[in-house]
Amino acid sequence: KFVETAHVKDLISHVKVLVNPKDELAWHRVLTLLNGVGPRTAEAIIGEMASGDWRRALAEQEGHPRAGRWIRRLREALEAAAGLPFPEAVSTLCDYYLPILEARYDDYPRRIGDIEALRGIAMGYRSAERFLLDLVAIEPPEDGVLQREDLKLDTPPLTLSTIHSAKGLEWQVVFVMGVADGHIPISYSQISEEDLEEERRLLYVAITRAKEELYLTMALEGSRGGIRTLQRLSRFLDDPTILQLIDRIGGKDPPP
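The sequence shown maps to residues 2 to 257 in this note's numbering.
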């Protein structure tokens, strides 16, 4: 799959360390991409980041005899990206990563298209968190099922899409999954009213993709930090005037 390819994972790891500087797996991948940085050096740098100051931890390694200049380039790219709106941040990371791509992969001309596809996809997002959540469903257009001439299908294919990618498209039947608070809208303590309205518009886009039938689904239980929790219907739908338009099928009564 698109998001499981090595070069796409490389770039996504750079986004992840900006969103969560404590993501050690992402840091390990980012650091070991650098010339002169092996697993032991990467682990040492990650250990220095335990204080939460990744900028200082990287800066202290810029005197490394083999990797110093590459670590400096990484720090400068991450610092620049951290101060930009999300689409511009991803574009900055793409520009930083392209020389690494060329050096590491013999077939880099083919892989560059995927990096540029990610750059374009990011233009439709305002938040890194939403982008990362949607990644599981992102496929480059040229790899989509409908473009595969070698497939012989007896039935129409199932299309799996993010909400952003579905803009301007319609289907006879649409399933919108995960219509629970914490999924849409994303649950953050510091979410702004502007971001909340953007999430509301996203749900509107999703439910208006259906021509004939619309199904909204959610799990009554979820997991946060390894702890099972009860989930509530999205606040955008939990309104009497909206609920009376929805026919409930199966499941149990949601928690009050």
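If you're looking for bench data, these hints aren't it; they were derived computationally from the structure.
It cannot be assumed that every hint is accurate.
Stated by the list, open to error - With a straight-line cut-off of 30 Å between C-alpha atoms, the simulated BS3-like cross-links for lysine-lysine are:
hint, residue 1, residue 2
1, K212, K168
2, K10, K168
3, K17, K168
Stated by the list, open to error - What follows is a set of in silico ranges between Cβ atoms, one per label pair, in the way DEER data are often shown:
hint, residue 1, residue 2, range
4, Y109, G84, 43 to 51 Å
5, G114, L246, 25 to 33 Å
6, T218, P110, 19 to 27 Å
7, Y216, E80, 27 to 35 Å
8, A83, G223, 23 to 31 Å
9, T160, E194, 14 to 22 Å
10, R41, R70, 38 to 46 Å
11, L134, E194, 19 to 27 Å
12, V174, R70, 33 to 41 Å
13, V20, E77, 37 to 45 Å
14, L134, T160, 14 to 22 Å
Every residue gets a Cβ at the ideal spot worked out from N, C-alpha and C, and that includes glycine.
Consistency of beta-carbon spacing, G223 to A83, with hint 23 to 31 Å: Between A83 and G223, where Cβ atoms are some 30 Å apart, the hint holds.
Distance restraint hint 25 to 33 Å, applied to the beta-carbon atoms of G114 and L246: violated (43 Å)
Given hint K168 paired with K10 - CA-CA distance at most 30 Å: The hint holds at about 25 Å.
Hinted pair K212 and K168, Cα distance within 30 Å: holds (14 Å)
Satisfaction of the hinted span 14 to 22 Å by the C-beta atoms belonging to T160 and E194: violated (33 Å)
Distance restraint hint 43 to 51 Å, applied to the beta-carbon atoms of Y109 and G84: Given range 43 to 51 Å: violated, Cβ gap about 29 Å.
Status of the given 33 to 41 Å range, CB of R70 versus CB of V174: violated (55 Å)
Status of the given 38 to 46 Å range, CB of R70 versus CB of R41: violated (20 Å)
Verdict for V20, E77 (Cβ pair) under range 37 to 45 Å: violated (19 Å)
Outcome for the supplied range 19 to 27 Å, where the beta carbon pair is L134 and E194: The hinted range 19 to 27 Å holds for L134 and E194, with Cβ atoms some 21 Å apart.
Whether the CB-CB distance between Y216 and E80 falls inside 27 to 35 Å: Check failed, 45 Å falls outside 27 to 35 Å.
Beta-carbon spacing of L134 to T160 - inside the hinted bounds 14 to 22 Å or not: holds (19 Å)
Of the hints listed earlier, those the structure fails to meet are numbers 4, 5, 6, 7, 9, 10, 12, 13, in rising order.
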